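Kindly produce the complete structure, drawing on both the sequences and the hints.
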Amino acid sequence: DLYLCVIYMPPADSPYYNEEGFQELQKEICHFQTLGSVPLCGDLNARTGREMDYINTEGNTHLYGDSPLCHTHTSTLRHSHDSVVNKSGKQVVRLCKSLGLYIVNGRTRGDSLGRFTYCSALGSSVVDYAITDLDPQAINAFIVRQQSPLSDHSQITLYLKRLAQPQIGAKLPTKLVSLPPSYRWSEPSTENYTRALNSDEIENMLDRYQSSHYQINQNGINSATKTLN
Numbered sequence: 001d002l003y004l005c006v007i008y009m010p011p012a013d014s015p016y017y018n019e020e021g022f023q024e025l026q027k028e029i030c031h032f033q034t035l036g037s038v039p040l041c042g043d044l045n046a047r048t049g050r051e052m053d054y055i056n057t058e059g060n061t062h063l064y065g066d067s068p069l070c071h072t073h074t075s076t077l078r079h080s081h082d083s084v085v086n087k088s089g090k091q092v093v094r095l096c097k098s099l100g101l102y103i104v105n106g107r108t109r110g111d112s113l114g115r116f117t118y119c120s121a122l123g124s125s126v127v128d129y130a131i132t133d134l135d136p137q138a139i140n141a142f143i144v145r146q147q148s149p150l151s152d153h154s155q156i157t158l159y160l161k162r163l164a165q166p167q168i169g170a171k172l173p174t175k176l177v178s179l180p181p182s183y184r185w186s187e188p189s190t191e192n193y194t195r196a197l198n199s200d201e202i203e204n205m206l207d208r209y210q211s212s213h214y215q216i217n218q219n220g221i222n223s224a225t226k227t228l229n
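Under my numbering, the first residue of the sequence shown carries the number 1, and numbering increases by one thereafter.
Note that these hints are calculated values from the structure, not bench results. These figures come from a predicted structure and were not determined experimentally. For every residue, glycine included, the Cβ atom is placed at its ideal position computed from N, Cα and C. Careful, some of the hints might be misleading.
[Claimed, not checked] Cβ pair distances, simulated, as ranges:
hint: 1; residue 1: His213; residue 2: Ile7; range: 19 to 29 Å
hint: 2; residue 1: Met52; residue 2: Asp200; range: 47 to 57 Å
hint: 3; residue 1: Arg162; residue 2: Asn217; range: 41 to 51 Å
hint: 4; residue 1: Ala224; residue 2: Asp13; range: 11 to 21 Å
hint: 5; residue 1: Ser120; residue 2: Cys5; range: 36 to 46 Å
hint: 6; residue 1: Asp200; residue 2: Ile7; range: 31 to 41 Å
hint: 7; residue 1: Phe32; residue 2: Arg162; range: 18 to 28 Å
hint: 8; residue 1: His213; residue 2: Glu187; range: 39 to 49 Å
hint: 9; residue 1: Glu19; residue 2: Arg162; range: 35 to 45 Å
hint: 10; residue 1: Tyr16; residue 2: His79; range: 43 to 53 Å
hint: 11; residue 1: Ala141; residue 2: Met205; range: 34 to 44 Å
hint: 12; residue 1: Tyr3; residue 2: Gln146; range: 22 to 32 Å
hint: 13; residue 1: His213; residue 2: Lys175; range: 40 to 50 Å
[Stated by the list, open to error] Derived pair list, reagent style PhoX-like, types lysine-lysine, alpha-carbon separation capped at 20 Å:
hint: 14; residue 1: Lys90; residue 2: Lys27
hint: 15; residue 1: Lys87; residue 2: Lys161
hint: 16; residue 1: Lys87; residue 2: Lys97
Pasting the structure below:
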């Protein structure tokens, strides 16, 4: 089974940053790894440079056998345009080594050079990742798309192969959960999106939002999110 984790981690200097965020993430991943494989995608605000994200057993006489933490099936070479390592980046690398995960960026077809995922007047960096414990043979490609004028971040896309065909006569789940509506981005979408943002309804909603005060805690974040929705 596959358990997809979509995540956002605030920057370390943000008032919403949680010092225990990566510990909580590790616990969640540990739980779901007992049920299946875990691909993780999102903005971690972590700069990992070209740090080794696996345990290197070369010359090591203390680890024996095929340990899942050693990534013997993973390419040892990871490229990146970003050579900087920050606090969150070190935590991501430790997370990978602890749970047998590896960073897909910079070592997969579609992004073999490790392209920047964030570009602004402040600079460029790699902070958006796909991280997983899947066998690399299950990954078809990973792409960092061209930046849109609507965001400082580039869209990242992870393509997985369908390795196993469903068995004939296999029992299907009796209860299916409906996914929320989604929107397909097309050529006129940018103009329509800009027009919608400039509408009186949206401007009034943003004015009310900016004039409101929310506590810097979980309840305050939930309340602010509910107001925007």
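Each hint tested on the structure:
1. His213 <-> Ile7: 19 to 29 Å: Holds - the Cβ-Cβ distance for His213 and Ile7, about 27 Å, lies within 19 to 29 Å.
2. Met52 <-> Asp200: 47 to 57 Å: 53 Å, holds
3. Arg162 <-> Asn217: 41 to 51 Å: 42 Å, holds
4. Ala224 <-> Asp13: 11 to 21 Å: 20 Å, holds
5. Ser120 <-> Cys5: 36 to 46 Å: Because 26 Å falls outside the window, the suggested range is violated.
6. Asp200 <-> Ile7: 31 to 41 Å: 35 Å, holds
7. Phe32 <-> Arg162: 18 to 28 Å: At roughly 20 Å between Cβ atoms, Arg162 and Phe32 fall inside 18 to 28 Å, so the hint holds.
8. His213 <-> Glu187: 39 to 49 Å: 40 Å, holds
9. Glu19 <-> Arg162: 35 to 45 Å: Since the Cβ atoms of Glu19 and Arg162 sit about 40 Å apart, the hinted range of 35 to 45 Å holds.
10. Tyr16 <-> His79: 43 to 53 Å: Violated, at about 31 Å.
11. Ala141 <-> Met205: 34 to 44 Å: For Met205 against Ala141, whose Cβ atoms are near 39 Å apart, the range 34 to 44 Å holds.
12. Tyr3 <-> Gln146: 22 to 32 Å: 30 Å, holds
13. His213 <-> Lys175: 40 to 50 Å: Taking Cβ atoms as reference, His213 and Lys175 lie about 42 Å apart, which means the hint holds.
14. Lys90 <-> Lys27: 18 Å, holds
15. Lys87 <-> Lys161: With a Cα-Cα distance of about 33 Å, the restraint between Lys87 and Lys161 is violated, given a limit of 20 Å.
16. Lys87 <-> Lys97: 16 Å, holds
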